[in-house]
Structure formats: structure tokens, C-alpha cells
Amino acid sequence: MASNSFNIDDPFQFESELSEDDRMIMETARDYAQSKLEPRALKGNQEEHFDPAIATEMGDLGLLGSYLPPEYGGVDASQTAYGLIAREVERVDSGYRSFMSVQSSLVMFPIFKFGTDEQKERFLPKLATGELIGCFGLTEPDHGSDPGSMSTTAVKTDGGWILNGAKMWITNSPIADVGIVWAKAKENQDDEGEIRGFIVTKDMDGYSAPATKHKMSLRASETGEMVFEDVFVPDENAFPDIRGLKGPFTCLNSARYGIAWGTVGAAEFCYQKAREYVLDRKQFGYPIGANQLPQTKLANMLTDITQMQLLAWRLGKLKDEGRSHHSMVSLAKRNNCGTALEIARIARDMHGANGITGEYRVIHHVMNLESVNTYEGTYDIHGLILGREITDIQAFVPRGNDMPE
Amino acid sequence: MKFYVCIKQVPDVDAPIQIKNGDLMQDTDRMVLNAYDASAVEEALVLTEEHGGEVEVVLVGPDKAKETIRKALAMGADKATHITTEDDVDYDSAVYANILATFFKDKEYDVISCGKQSQDTDAGLAGGMIAQHLDLPYATNAVGLSIEDDNLIAKRQGDSGQEIIELPQPCLVTCSNDMNEPRIPSLKGIMQSKRKPMETTALSDMNLDESALSAKTKVTGYMEKPEREPGQKFEGEPDELAQKVANLLDEEENVI
Chain A
1 MASNSFNIDD PFQFESELSE DDRMIMETAR DYAQSKLEPR ALKGNQEEHF DPAIATEMGD
61 LGLLGSYLPP EYGGVDASQT AYGLIAREVE RVDSGYRSFM SVQSSLVMFP IFKFGTDEQK
121 ERFLPKLATG ELIGCFGLTE PDHGSDPGSM STTAVKTDGG WILNGAKMWI TNSPIADVGI
181 VWAKAKENQD DEGEIRGFIV TKDMDGYSAP ATKHKMSLRA SETGEMVFED VFVPDENAFP
241 DIRGLKGPFT CLNSARYGIA WGTVGAAEFC YQKAREYVLD RKQFGYPIGA NQLPQTKLAN
301 MLTDITQMQL LAWRLGKLKD EGRSHHSMVS LAKRNNCGTA LEIARIARDM HGANGITGEY
361 RVIHHVMNLE SVNTYEGTYD IHGLILGREI TDIQAFVPRG NDMPE
Chain B
1 MKFYVCIKQV PDVDAPIQIK NGDLMQDTDR MVLNAYDASA VEEALVLTEE HGGEVEVVLV
61 GPDKAKETIR KALAMGADKA THITTEDDVD YDSAVYANIL ATFFKDKEYD VISCGKQSQD
121 TDAGLAGGMI AQHLDLPYAT NAVGLSIEDD NLIAKRQGDS GQEIIELPQP CLVTCSNDMN
181 EPRIPSLKGI MQSKRKPMET TALSDMNLDE SALSAKTKVT GYMEKPEREP GQKFEGEPDE
241 LAQKVANLLD EEENVI
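Residue numbers (full-length UniProt numbering), protein chains in the order written: chain A, 1 to 405; chain B, 1 to 256.
Any given hint could turn out to be false.
Claimed, not checked - Below, simulated DSS-like cross-link-like pairs (lysine-lysine); rule was C-alpha separation at most 30 Å, straight line: (1) 126/A with 194/B; (2) 66/B with 317/A; (3) 282/A with 225/B; (4) 79/B with 36/A; (5) 79/B with 273/A.
Think of the hints as simulated: they come from the structure by calculation, not from any bench. Note that the coordinates shown come from a computational prediction; the quantities given were computed from them, not determined experimentally.
Construct the complete structure from the given sequences, taking the supplied hints into account.
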């Protein structure tokens, strides 16, 4: 090989910067995703079906909670490796990546970070093997971007807490054995309360988790509600020390970081499919890729993907060095979700009528990424987080307008 | 029993490979374990899990190929030998066979196995050449292996049936990827592979003479595969069409 070459999947060769461990973990995730998840994805999307065996398959390979220490079922993998797993899984379907993210970052991570030793021993090993499936409840029907105003309460009683309220848009909830729920904890009904985290289990009286049907997005993963009607949660299931929004936001930061990587996989898939399609498809006697419009679309996609790759890779490195900031995560999550969605839409368009069918698998990404752009902090809310960081002025609460009650 | 599995690092065939000016551009930086060798590793693991023994992998390649050795160790192989070469060597099957046969000369083993070919050149020659050098009984393109009374039983797939070959040990066999589905290494296996014994021998210390290390063949160029000719389309009544197609197959294509 005399001269340097241009890699049309990874132009700035970020993969060559990865450590040997990280590359090997990436390869395992890719082998698994391509051989075991890809064959299920079409049916999963058409029939709104998540095969629960995916949990134990991922668990067997160590893809769940990979960055936790070995005593709790992880392998002390790097944050970069966690991101690379998300990228390979989301290359197939954001729904599968959502399952993995929730289990790892929103269930195992908070138990590891905020739980008692007893809670860690009780739940983490079985969550790591996929024997138990977990979910995370923060968002409510009337409280999305503003979770601090949540209505779900936990009122103190003898030996535990009584939970009332409902959580909505909860990935995994209908199939979950364990749920992390955030509620306003009150000593009595009149107390203003402060946010605390609780571990609920599916067998608790008064707890139900109905599935959300007719989703047009993330159809290969389960979504539902968490409904609490006088649910007694014993003291030993409460996180002992963490108070306020810092708890859920710490978990979300970890999951959002994974999303910044996951969307790289989805965007790469769509770009590669579009590239293949325009070179195969002939109209007017030539491949449509011989025309200027498809070529510049591909050029724009690859330029955007390169930026997404480098952002995700650099953020992973900063996280591994303990130098990350939550606004870096907002920047990467916002940019990569928005850009991936744009790329998926253009790739769908480039497939013409064929792009409408599920067979080409691009429209699934378009639909999925609509959710991914919205959940875990919408595109606009992350813009406001960055705006506040830049100006030191919050713009979440509109000021200067007296709104009618 | 002692299994030696020869493995090779090859460019990932799923990564984009471009041909420019007759040169192969495979600078994708994605190098992987040859899929046929992965099947050989898998089968060796299955047989030693059943009958006891040890699996050692041997790789001839540059420093960066260590990652591929780790993959085989992560799958479950017990130990490894890495015969290190320069980065830019251009060896053909004969050279690889010379190196490996020299390595095996003073080793004890029951079975040497490898993929029936490697995905970079698909030559499919090294296995047979090693067996010839070592004067071992050998079988190629096996789709199944078993052990019976100290013999290795290799199942080969032909067009019209299967052939079962009994090989006295020590012997050599090359493996088809139809043999099994190689296990995906778990993250735990990947981390543990760092602690498994890996011996590194520099090729330059093996005292091979220059002729043994010079390629006997030379690749003169690479070409894209030719585009397929478009098919012919006939319209008309079924009877006429059948007659027409039959004539074509008979007279023009000579297949009937």
C-alpha cells in the first residue's frame, strides 16, 4: 500500500485510536448485533415485539452494565467501550439500544452509585445476566422536561413508604422485574417533600405497568407506564442518601452519553445503505449515484458522521479520564441525535419508494430517531442547557410575562 | 489431547475495500480473525471440552495481529504463540507453510488444524503444504470433526454426499466455516485473555533461509469483479416459451 487511503466509513480513522480492549469489545458487540439482533429487527418493528431472550443473550456476553466492577457483574470496561456497544446495537435498532441503555445506565448504574451494599448484592448480579429486567421512572404524563414538578409521592409510613402516582413513556416497564422510581418523599401529607429514589419490584401490591400500544417508533422495544396505587415500598428499597434531581440526572447523563454513541451507529447504517442503493439503482441508463444531487447528499452525510464520530469518541476519552462535564454530554446528545435524524430522513428519501418498506430498514431508523431525539432531554431542552452554560442565564422559565393562572 | 490451531489476521470483508489503479486499498483498519480459522478454533474448543486437553493457537503476522490472537484466547483457547513479522511483508501460502512447518518441527501434538482458506486471498493452500512438510496424514475442507479411539474422524461434504475420513493422530485438518458457528467472545473472556500465556518469537530468530521466506508467486494486479451480463426476457405463450428456452439451453448453452 503505497499511498494513504480514504476510509469511506471512518474518514478520520477514529477507530484506529481505540485501545485493544475497546476494539475487541466493539467486535463482540458487532458480531452479536449483526448475527442475533439484525434477523429479529424487521419482525420486531412490524409486530411491535421485543424478544425477552435478548436480555439473557446480552447478559451472557457481558453487554449489560459493562463498566461496573466484576463483583457486580461488569468487567470494568471503559466508558468508550460502553459507547461502542451502544453504537453497534443501535446500528441495528434504537429500540434494542434503548433496552441496553436503560438496563445499564438507568437501573444498574443508580443501584451501583446510590444503593446500599445489600441492594447491590440483591439486584446487580441478576441484572447483569439479564435474569432480571429493569426500568426507570422519572417522566410523568404532565411532567416531561420539568421533572422537578413531579406529582408522584412517597409518604412515610411504618417500615417504609407509600407510593402514589404514575410514570409515563417508560422503556421496558411492561416486562420489567425491577423499577427505579423517583418520587417526592414526604414525612407526612403536608410536607413539601424532596425527590428520592426507590426500587420497586413487579410483585408489589398496587403496582402495575400497562404497555403503551400503537407506537410508531421504537416498536422493537417495550414502552409503558408505571402506575402506583398505595404501593408499599419497604425502607430497604429506598436509596439511602441521594436527594433531589441530582439523582436521576446523574443516571440520565450516563444514558445520554450512550445515546450520543448509539446514534452514530444508526446514522452510519443509513448512510451505508443509501450509498449502496444509489450505486445499485439505475435510472436513465446510469446508477443514480452518478448524479450530483445523490453525491453531495452522501458527501454531507459522511461529513456529518465524521463529526458525530469524533464528538462521541472524544467525549468517551474525557469520561474515561474523569474530565467530562454534563454540558458536554448535552452538546453531544443534542448534536448527534438531531444529525442522525436528518441523515436517516435523507437516506430514506434517497431510497425512493423502496425506502418506504421495512425491508430496507432505513425507515425504521427514521421513526426510531424521532423518539431518540425527544427522549432523555429533547433537542431543544439540551439547547437551553447549553444556552444557560454559555450565557449564565436560565431560559427554562419564561420571564417577563405574567401568564394567566 | 493437544490441538494446535493456525490462525491468521485478515482485513474485515464487511468493511469497504476499494480497488484503485490495480492496487487493493484495505486501509480500513479493521482487521479480524479469519472466519474459517474461527471455525477451526471453535471445533478445537468443543473437542477438548469433550475429551480434555489443550488448545494452542499460532499466528504468523505483524505486531498488531496480537489483537487477533487475543480474540482466539477470549473464545477459550488456552495459550498462544505469536511469530512476529515485519508490518509490510508480502508472503504467499508457501512462505506461511514454511514458517509454520518449521515451528511445528520440534513440537508434540495430536492435531494441527486451520481454516480451509483465509479470507484475504482465498488460496486454500497453506494447510496441505504444512502437512506435506511434516509428512502428516491430512484432510481438507472438513465440515465436522470427532474423536474415536485416538483417531480423528473428519466429515467432508461433497456435491452428492458426505465422505468420512479416519486420520491417525498426529494429523492435520483444514476446516470449513460450515462446520459450526464460532462462539462470540464475552467481555469477561476478552478481559481474561490478557492474562493467558502468549509466547512471542521473532521470525528472524527462527533461522529460516531466504528462499524459504521468498514468495513463489506474485500478485500482479487487482480488478473489480466484472459486471453481470443482463438476462434475456421472452414473452409469449407458455408452450412456445418452454420450447424456446429448451432450445437455448440445448443448442446455445449446451447444458442439456
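Verification of the supplied hints:
1. Restraint check for residue 126/A and residue 194/B: the C-alpha separation of about 26 Å stays at or below 30 Å, so the hint holds.
2. With a CA separation close to 23 Å, the supplied pair residue 66/B and residue 317/A stays within the 30 Å bound.
3. Taking the CA atoms of residue 282/A and residue 225/B, the gap is near 18 Å; set against the 30 Å cutoff, the hint holds.
4. A C-alpha spacing of about 29 Å is found between residue 79/B and residue 36/A, which places the hinted pair at or below 30 Å, so the restraint holds.
5. For the hint linking residue 79/B to residue 273/A, the alpha-carbon distance of about 40 Å lies beyond 30 Å, and the restraint is violated.
The structure shown violates just one earlier hint, number 5.
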